[in-house]
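Student: Each chain is listed here by its residues.
2 protein chains.
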Amino acid sequence: MKILVVGANGQIGKHLVKSIQGSGEHVAKAMLRKVEQKAYFEDLGAETVIANLEGEIEDIARAAEDVDAVVFTAGSGPKTGKDKTIMVDLDGAVKTIEGAKKAGVNRFVMISSFDTSRKAIQEAPESFAPYVIAKHYADEWLRAADLDYTMIHPGMLTNDSGTGNVDVGTSVKVANVSREDIANVIFESLKNDVTIGKEFKVINGHTPIQEAIKSL
Amino acid sequence: MKILVVGANGQIGKHLVKSIQGSGEHVAKAMLRKVEQKAYFEDLGAETVIANLEGEIEDIARAAEDVDAVVFTAGSGPKTGKDKTIMVDLDGAVKTIEGAKKAGVNRFVMISSFDTSRKAIQEAPESFAPYVIAKHYADEWLRAADLDYTMIHPGMLTNDSGTGNVDVGTSVKVANVSREDIANVIFESLKNDVTIGKEFKVINGHTPIQEAIKSL
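First to last, the protein sequences are chains A and B.
Numbering of the first sequence is given in my numbering, commencing with residue 109 and proceeding in unit increments.
Numbering of the second sequence is given in my numbering, commencing with residue 109 and proceeding in unit increments.
Worth flagging that the hints you see were computed from the coordinates, not collected in a lab.
Model, not experiment: these values are computed from the prediction.
Any given hint could be a false lead.
The list treats identical chains as interchangeable, and a pair is accepted whether it falls inside one copy or across any two copies.
[As the list claims (entries may be wrong)] With a straight-line Cα cutoff of 30 angstroms, these simulated DSBU-like cross-link-like pairs (lysine-lysine) come out: (1) K299 x K227; (2) K126 x K306; (3) K227 x K210; (4) K142 x K306; (5) K227 x K142; (6) K209 x K306; (7) K146 x K322; (8) K146 x K299; (9) K110 x K192; (10) K306 x K210; (11) K126 x K110; (12) K210 x K110; (13) K227 x K192; (14) K142 x K281; (15) K146 x K209; (16) K110 x K281.
Extracted from the complex, chain A is given alone in its bound form (with noise of 0.2 angstroms):
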């Protein structure tokens, strides 16, 4: 597999370049707002392409036009303005999605929030609010876009090193998880076609990720 990653210079999307690199079977494309953080990728042997998700559509489907799966894994960040929540996280996404689907690409993975629900909105403080939002309207385009997704809601981000374990499913209660984790997680996910069409929490926890993923 070729994989597009979005968001690769975020810290999950380090993590998981360096994951596909380190199968020595697939093929990592990291896509970079900034020729500058190209380097980091290119150590890896991985490919690289610039786009800027606020950029169009079109700039990401010709992203995508040689991949066999992407990987949303871009965030705003909690220090950017309440404008980039909208720019960035919601219509980000979106036209990842749409330039998925038109360069043909099915296969979508997803890295979406703990709780994007609308009880989740509800009950956010007025701060994480809008950011709850975002994300909750990009999933809802996920799930109504008609590709091979795979929703994926972390607990906690954690700059921890991996433990290799974890619990995952529908009911799992908020946790910790750290973001190499995460990044295996994700890995797994694309390689196993049980994810397809689904959507899971995942926290730290005990079951081995590659176990954790097929039972799904």
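Dock chain B against the given chain A, drawing on the hints supplied.
Tutor: Just chain B now, with coordinates in the frame of chain A:
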């Protein structure tokens, strides 16, 4: 008809309630955030209901339970933060659509902005893009919602007195339009079922409103 006006305390909303009450035939129900806003509408003989667009779908459904049509003419306004753009212009609109459905109200009029297309998003100045994105997804939600909707795309809104004359259609070029005229376009649309399932732009123009709506 009894018509729930969501965003009644805005300038278009106030004109609309006045037109509806002035008809002597139809009744407006003004949805308001604050008790202090009631007097203006009660003086016109309109009904009022307190509900917040940042609240729950159920609150809006309750406000809509005894009406024949819902008009969404709320807007976060240019002075609020971008968080309100996504919370009101997108999520508030969607909750109003879902609230209308929940209440069994099929007739829905959406006040959109002049151009909410993908092209308009990409061409918008960065400061304006979040608003266009919010309106884009609200409009998409309504188009998919299985309601008897009318979507009105006004030109650049002014506080001038209405002229009673407009140009309508899908290919009119952007120009000014008074909020008072838009209010009358809304009311006329509600009275004429030819507008069901249609969307159109409106600017100041040369055709009497009633005639312009009939021509759609």
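Student: Next step is simple, just say for each hint if it's right about the structure.
Tutor: Structure-based check of each hint:
no. : hint        : result
1   : K299 x K227 : neither (32 angstroms within a copy, 36 angstroms between copies)
2   : K126 x K306 : within (25 angstroms within a copy, 50 angstroms between copies)
3   : K227 x K210 : between (33 angstroms within a copy, 16 angstroms between copies)
4   : K142 x K306 : neither (33 angstroms within a copy, 43 angstroms between copies)
5   : K227 x K142 : between (37 angstroms within a copy, 24 angstroms between copies)
6   : K209 x K306 : both (18 angstroms within a copy, 28 angstroms between copies)
7   : K146 x K322 : neither (34 angstroms within a copy, 58 angstroms between copies)
8   : K146 x K299 : within (26 angstroms within a copy, 60 angstroms between copies)
9   : K110 x K192 : within (29 angstroms within a copy, 40 angstroms between copies)
10  : K306 x K210 : both (22 angstroms within a copy, 28 angstroms between copies)
11  : K126 x K110 : within (13 angstroms within a copy, 61 angstroms between copies)
12  : K210 x K110 : within (17 angstroms within a copy, 45 angstroms between copies)
13  : K227 x K192 : both (23 angstroms within a copy, 18 angstroms between copies)
14  : K142 x K281 : neither (37 angstroms within a copy, 37 angstroms between copies)
15  : K146 x K209 : within (26 angstroms within a copy, 49 angstroms between copies)
16  : K110 x K281 : neither (33 angstroms within a copy, 45 angstroms between copies)
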